[in-house]
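A.B. asks: Given next are the chains, with one letter for each unit.
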Amino acid sequence: MDSQGLKAKVPAFGDLMRLACLYLTNIVTGFCLMALEILGGRLLQPVFGSSIDVWAAIISVFILSLSIGYVLGGRIADRSKSNLALASVIIAAGAFYCLMTWYSIRFTHALGEDIQTARWGVLVGALVLFLPPSVLLGSVSPMLVKLVFTNAAHVGRTTGTLYAVGSLGNVLGVLITDYILLEQFELTTNLLAMGIALGLVGIIHLFIRVEAGAIAAVAAPGAAA
Amino acid sequence: MTWRLLVVVAFIICAAVGFTFRDRQYRLNSPYMESDQQVLAHDDSAYTSMTWVASVSGNYLQLRFFDKVEGGICLQPTWQDLLNLHAPSLAHLLPAAPPTMQPPGPLWHGDFVPNPGTVSNSPYVRLFPLSMLLNNALCAQVADPRLVKARILVVGLGSGAGIAVLAHHFPNLAITVVDIDHKVVDIVKGHFPLIDWLSTQKRDDGEPRLQFHIGDARQFIHFQGEHHEPPYDAIILDAYTAGSTIPPHLMTVEFFSDCARMLDAQGIVLANVIGCYGQDIDGQIVGDKHRVLGGAIRSFRAAGLTHVINFPVLAQDETSGTFNWDRTRNNIVCCSRQALEPTSEEDARWTRLQSFVLFPEVPTGIYTTHWYLLNDYDTHTSSAKIDAAIIDAADPSIVEHLSAYPSKQLPSVTMRFSSDQQVMASARKAVQDWSSRSGRAELPVGWDNASDDALILQTTDCVANARDTYLSSVTAGRDVKRQGGDALVGDPTFTDPLHAPENAIIRDAPLFTDQRPNADILNR
Numbered sequence: 025m026d027s028q029g030l031k032a033k034v035p036a037f038g039d040l041m042r043l044a045c046l047y048l049t050n051i052v053t054g055f056c057l058m059a060l061e062i063l064g065g066r067l068l069q070p071v072f073g074s075s076i077d078v079w080a081a082i083i084s085v086f087i088l089s090l091s092i093g094y095v096l097g098g099r100i101a102d103r104s105k106s107n108l109a110l111a112s113v114i115i116a117a118g119a120f121y122c123l124m125t126w127y128s129i130r131f132t133h134a135l136g137e138d139i140q141t142a143r144w145g146v147l148v149g150a151l152v153l154f155l156p157p158s159v160l161l162g163s164v165s166p167m168l169v170k171l172v173f174t175n176a177a178h179v180g181r182t183t184g185t186l187y188a189v190g191s192l193g194n195v196l197g198v199l200i201t202d203y204i205l206l207e208q209f210e211l212t213t214n215l216l217a218m219g220i221a222l223g224l225v226g227i228i229h230l231f232i233r234v235e236a237g238a239i240a241a242v243a244a245p246g247a248a249a
Numbered sequence: 049m050t051w052r053l054l055v056v057v058a059f060i061i062c063a064a065v066g067f068t069f070r071d072r073q074y075r076l077n078s079p080y081m082e083s084d085q086q087v088l089a090h091d092d093s094a095y096t097s098m099t100w101v102a103s104v105s106g107n108y109l110q111l112r113f114f115d116k117v118e119g120g121i122c123l124q125p126t127w128q129d130l131l132n133l134h135a136p137s138l139a140h141l142l143p144a145a146p147p148t149m150q151p152p153g154p155l156w157h158g159d160f161v162p163n164p165g166t167v168s169n170s171p172y173v174r175l176f177p178l179s180m181l182l183n184n185a186l187c188a189q190v191a192d193p194r195l196v197k198a199r200i201l202v203v204g205l206g207s208g209a210g211i212a213v214l215a216h217h218f219p220n221l222a223i224t225v226v227d228i229d230h231k232v233v234d235i236v237k238g239h240f241p242l243i244d245w246l247s248t249q250k251r252d253d254g255e256p257r258l259q260f261h262i263g264d265a266r267q268f269i270h271f272q273g274e275h276h277e278p279p280y281d282a283i284i285l286d287a288y289t290a291g292s293t294i295p296p297h298l299m300t301v302e303f304f305s306d307c308a309r310m311l312d313a314q315g316i317v318l319a320n321v322i323g324c325y326g327q328d329i330d331g332q333i334v335g336d337k338h339r340v341l342g343g344a345i346r347s348f349r350a351a352g353l354t355h356v357i358n359f360p361v362l363a364q365d366e367t368s369g370t371f372n373w374d375r376t377r378n379n380i381v382c383c384s385r386q387a388l389e390p391t392s393e394e395d396a397r398w399t400r401l402q403s404f405v406l407f408p409e410v411p412t413g414i415y416t417t418h419w420y421l422l423n424d425y426d427t428h429t430s431s432a433k434i435d436a437a438i439i440d441a442a443d444p445s446i447v448e449h450l451s452a453y454p455s456k457q458l459p460s461v462t463m464r465f466s467s468d469q470q471v472m473a474s475a476r477k478a479v480q481d482w483s484s485r486s487g488r489a490e491l492p493v494g495w496d497n498a499s500d501d502a503l504i505l506q507t508t509d510c511v512a513n514a515r516d517t518y519l520s521s522v523t524a525g526r527d528v529k530r531q532g533g534d535a536l537v538g539d540p541t542f543t544d545p546l547h548a549p550e551n552a553i554i555r556d557a558p559l560f561t562d563q564r565p566n567a568d569i570l571n572r
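Sequence lines, in order, name chains V and L. Reading the first sequence from the start, the letters are residues 25 to 249 in the working numbering. Reading the second sequence from the start, the letters are residues 49 to 572 in the working numbering.
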């Protein structure tokens, strides 16, 4: 075993930080995505009511957005060598959250009565409001996979851990929004706070460079053996 | 590095724009609303966004959920006004010490703090006393039906206006309110002093006069029913979600069966159901939410509460003989295991209902509202509305040009009009001047509408109006050929889940069960 291999078993502090940064990103984006789903119900309620139609529209639009986001994110991930694309996507999502405080309620109120009272009207509302930010957040997962990816032997473990951590963020987003945030703060305050949180995470990625595959030695010690 | 900083700056700009222009959930500058309305308090909860809104010219304090009015109480007579009447029959509303109230929220600029009495601003809650008056066995125990000693369960608090109506007329009630949202209970207790005080009072047998239970009504009723609590004499169902729909799990045969299990054998379930009967147009029944109303009635009957009478809450220009079948409205559906239908012209129950006077101690002629409306003379539809004081102050001579308006209204509502172009121009100018003087961004809606051809002064006597609307609905309910369960949805033993019998008025009424609840499809 050469000196390079020995070094790999003792992870450098910088590499650990980069890995933590990626998982933090995973949690925060997962949190904000599902929080938006819960807040989305409240955004649509004043105009479209709180019927099962509203939840059907929200859930379908979010799942649709995820599937579009996965495709786009995967392609972007393969083209980029670092986390700059990831940074841009998260910052853009954060910008949408921030601006939604301005346009979301105005938009649903501005829809004509024909659309507001039609059964499919809520689908229009949900598509326009939630598709852009959730496509962006959906594309984060494949980009993270690319950045955390070590080698083919460990692809199952790395992606599995990423999904698990991301889903944990989802769960926290749903529960904390429902039990605490909706009661304690105004809707727009919540949106704005999440937008700023996303923006900060994005800005961290803007200035801390993570190369694709660079932390392989840390994530999978002994991989070279 | 430069482009990275640019991205950061762009994001900061987005955040700043969002912060500066972030929307509020409620918008009181809405030009459709009364010009002097103000926010007393506002709060958000996991279920809704609630706002207490007061208007002196409209004489109301309303609780709004997402800016939709849940219910309202007249600002005047205030609680103190009621006590100043020194009526022996109101002794049960006299507090030993006035309650201390929460201060109004930061948006309140009024020079008074509302302390509303019991006169409701929402017509449908004025029919809540029917839950007592329809009960022959209960009323037979006392000389005056107002003295009935009863336990009532109310599902859905709303503004508390219905509780106030019940408390005014029946001193011996023990009321339990179930509401899923503790913040609604908090905001009502915080700014409706009478309700807060009532919740601290006890009946002479030690039962609380008003108590709150926070939770889902389905669970509360199911589990309390299992624990064999003493039965309720009446259950009032008034739970709504944002968007004016009844939660589907609170409108199924199974839920109504649980309600029936907690109900005294003679008891009444009274439900507020928004809907209509519908008009038969080319073989199709047409009318918003007519299947919700029909479905609710069928489900009550299937749950064993087979005797049903509906009391449609009539509008000001409707009578029991001429009401619109396809106008979506509040309906007070009353059901029982015992017969409710009138047996003869002299039926004591129906005499009791019709001779009941709402707010009998409160004088009429004092608590009035005055509005100018712009109407289309032929269709009787109005497009604009404003506090009469604004126009009268600018041009006191307008009143002298008005004559009686030929639309039929309740006696408590008087309408006088002018179609003189000069008078209308003067009124429009008065509103425009007032609007620009008070620095409003927009003219109140409709005052620039040139197609209207009648200026109407509408005066409403709030107390007389409460009595009128009660009586018009009670009179309508007596006509069982149209308002009875058999007429509306047919034979109670009919089991088709999708349709009532062919001869029923709402013949496409479904049956709501847990397996096939109202999936909101029928709400539109």
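These aren't lab readings, by the way, just hints derived from the structure by calculation. Predicted, not measured: the structure shown is a model, and the values here were computed from it. Idealized CB from N, CA, C, for every residue including glycine. Please note that a few of the clues may not be correct.
Stated by the list, open to error - Quick partial rundown of chain V residues pointing at chain L, CB under 7 Å, derived from the structure: (1) Ile129; (2) Phe131; (3) Gly223; (4) Leu224.
Said to hold, decoys possible - Computed footprint of chain V on chain L, listed as stretches where at least three residues anywhere in the stretch have a Cβ under 8 Å from a Cβ of chain V: (5) 49-57; (6) 93-102.
A.B. asks: Can you name, in rising order, the numbers of the hints this structure does not satisfy?
C.D. replies: The structure conflicts with hints 2 and 4, although it agrees with all the remaining ones.
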